[in-house]
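Student: If you want the building blocks of each chain, they are given just below.
There are 2 protein chains.
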Amino acid sequence: MRIEELGEFGLIRRITRSLKADNSVIKGPGDDCAVIKLDRSSYQLLTCDMIVEGVDFKPGDKPYLIGRKALAVSISDIAACAGIPRYCLVSLGIPKYAPVKYIDQICRGIFDLAREFRINVVGGDISRAKQLALDVSMYGVVEKKYLVLRSGAKPGDIIFVSGSLGDSIKGKHLKFTPRIKEARFLVENFKVSAMTDISDGLAQDLRHILEESNAGAVIYADLLPRHKPSTSLESALYAGEDFELLFTMPIKEARKMLASDRDIFHPIGHITEKRRGLRLIDKDLREKTLAPRGYKHF
Amino acid sequence: MRIEELGEFGLIRRITRSLKADNSVIKGPGDDCAVIKLDRSSYQLLTCDMIVEGVDFKPGDKPYLIGRKALAVSISDIAACAGIPRYCLVSLGIPKYAPVKYIDQICRGIFDLAREFRINVVGGDISRAKQLALDVSMYGVVEKKYLVLRSGAKPGDIIFVSGSLGDSIKGKHLKFTPRIKEARFLVENFKVSAMTDISDGLAQDLRHILEESNAGAVIYADLLPRHKPSTSLESALYAGEDFELLFTMPIKEARKMLASDRDIFHPIGHITEKRRGLRLIDKDLREKTLAPRGYKHF
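Going down the list, the protein sequences come from chains A and B.
The working numbering applies: residue 391 is where the first sequence begins, and numbers increase by one.
The working numbering applies: residue 391 is where the second sequence begins, and numbers increase by one.
Looking at chain A on its own, in the form it has when it is part of the complex:
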């Protein structure tokens, strides 16, 4: 069997199904971060993301933005768990012919964003490679009371996204600011039942919440905050790498939140019983099941 037949998520399930962990591990693979006991009041968050030339960025993209993105995607995973990023390691696979200036720019992109988020870059590794590849592993902390996983959504909860969706490929995926501040605002003021970041497209990432929460959902096409008036529904639903927060809240909390003046958060639907699946209501109020697709590596 080839990987393409299994798909990225099939492969991950297959790889991780045999893994065991000791009781210091609160959450292993299957969420945005791994969650580990730290002390009486807090957990550690661990996550890593590899970005590769020709897949996650184009060879001609600005090296500063490539470095920035490598760090930003990992910070976004910490945001998805409502944590605070603290330390990171950076592994670089570099083609032999790369000019030192190009590497300097990549590092400046990483270090500038690290400084902005007060993250300590504490180490790394360099290897020769045919294709430029960057792997960032990020270490964060979160108060136990603020941790949010993908698994807490309940029927009746309202589904929200931050910012806007779609057309990320036109540049946003290289320049987005991870939603740490917004995630912290949410957990410090409201009860958030489930959260993730949109890295594979709204439909796919919502599906991850539904799988982990054992639930279904209905979302409304007209409620999706599109990046531009010209952004297609297709792109808003399926384009990966928006790196926005996707989260759910009990309706009471949702009302309180909407009464605050944060117009960055948009309600897009609600959680249902699992048997209803993931359904979209279009502008003519027709309901249909959303196809399980989005960005896949294989």
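Fair warning: there could be bad hints in the mix.
No copy is singled out in the list; a pair is fine if it fits within one copy or between any two copies.
[As the list claims (entries may be wrong)] Calculated cross-link-like contacts (lysine-lysine; reagent style DSS-like; alpha-carbon spacing at most 27 Å):
id, residue 1, residue 2
1, K565, K410
2, K452, K581
3, K448, K520
4, K560, K486
5, K560, K664
6, K410, K571
7, K678, K618
8, K491, K410
9, K448, K427
10, K452, K410
11, K673, K448
12, K427, K571
13, K448, K486
14, K571, K618
By construction, these hints were calculated from the structure, which means they are not laboratory data.
Given the structure of chain A, go ahead and fit chain B onto it with the hints provided.
Tutor: Coordinates of chain B only, in the frame set by chain A:
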């Protein structure tokens, strides 16, 4: 300027010179692990290593051993700081055509070694890549009183290596067992002044200790424990990837240690003042300066 002109270590120095860290960071880049405050009695150790097809392993090598090596090199970094490995993340860059069975074997190599060392594999990432690449980031702990860095060697200290040197390319680099047990035995029973693991060749890694300790050294060709009688002096000095411990001890401690029955540790020379540089005494008692070379990625 191209990377080749600067060299791997020149590039690392260039990249990391501008880095700043807050006071929770005891040691940033420049040692085997980053060292971070954890609690009153212990530190956290962070390290990552990327291995790439065609560089760190051959396309025809057994996938089980490739996976095993990816984890082993990171465990070896924890051993070099006398710590205990606890959690890891694994990023895989996988060619599209790779059979699922091949990936299964890689993962089995990782998971089996993780189990042996009681390491929790808590997450990872998968990306498509032209070349197989594995990046493991490892999180360990070490009691404050047991932490050993590269920087503590003093003139008069005796230099030791564990096991044997050279000919790693003939297979050992894919099958070695990281020296966690041995490193722990050392720090729990003796005072170790500096330590690293041999990943770039004895001469190069000893040079790293000398740079961080601001010292020189004399080593004796006849004292080097060669892998086989046929192993050349060249290979014992310069071949990378022995993944043995290289460490120094005050002479009193060294005598105590040698009196214990651990014949795995071999004295190979002693630390001197910095101005003497790194010198080798050959079998005819001629002294010469050791050339600064060893494995380099660029």
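Student: Could you run down the list of hints and mark each one as holding or not?
Tutor: Taking the hints in turn, this is what the structure says about them:
no.: 1; hint: K565 to K410; in the structure: between (37 Å within a copy, 24 Å between copies)
no.: 2; hint: K452 to K581; in the structure: neither (39 Å within a copy, 49 Å between copies)
no.: 3; hint: K448 to K520; in the structure: both (15 Å within a copy, 14 Å between copies)
no.: 4; hint: K560 to K486; in the structure: between (29 Å within a copy, 25 Å between copies)
no.: 5; hint: K560 to K664; in the structure: neither (35 Å within a copy, 55 Å between copies)
no.: 6; hint: K410 to K571; in the structure: between (34 Å within a copy, 23 Å between copies)
no.: 7; hint: K678 to K618; in the structure: within (24 Å within a copy, 70 Å between copies)
no.: 8; hint: K491 to K410; in the structure: between (44 Å within a copy, 21 Å between copies)
no.: 9; hint: K448 to K427; in the structure: neither (39 Å within a copy, 39 Å between copies)
no.: 10; hint: K452 to K410; in the structure: between (41 Å within a copy, 24 Å between copies)
no.: 11; hint: K673 to K448; in the structure: neither (36 Å within a copy, 56 Å between copies)
no.: 12; hint: K427 to K571; in the structure: both (23 Å within a copy, 25 Å between copies)
no.: 13; hint: K448 to K486; in the structure: both (18 Å within a copy, 18 Å between copies)
no.: 14; hint: K571 to K618; in the structure: within (24 Å within a copy, 59 Å between copies)
In this structure, the earlier hints numbered 2, 5, 9 and 11 are contradicted, and the remaining ones agree with it.
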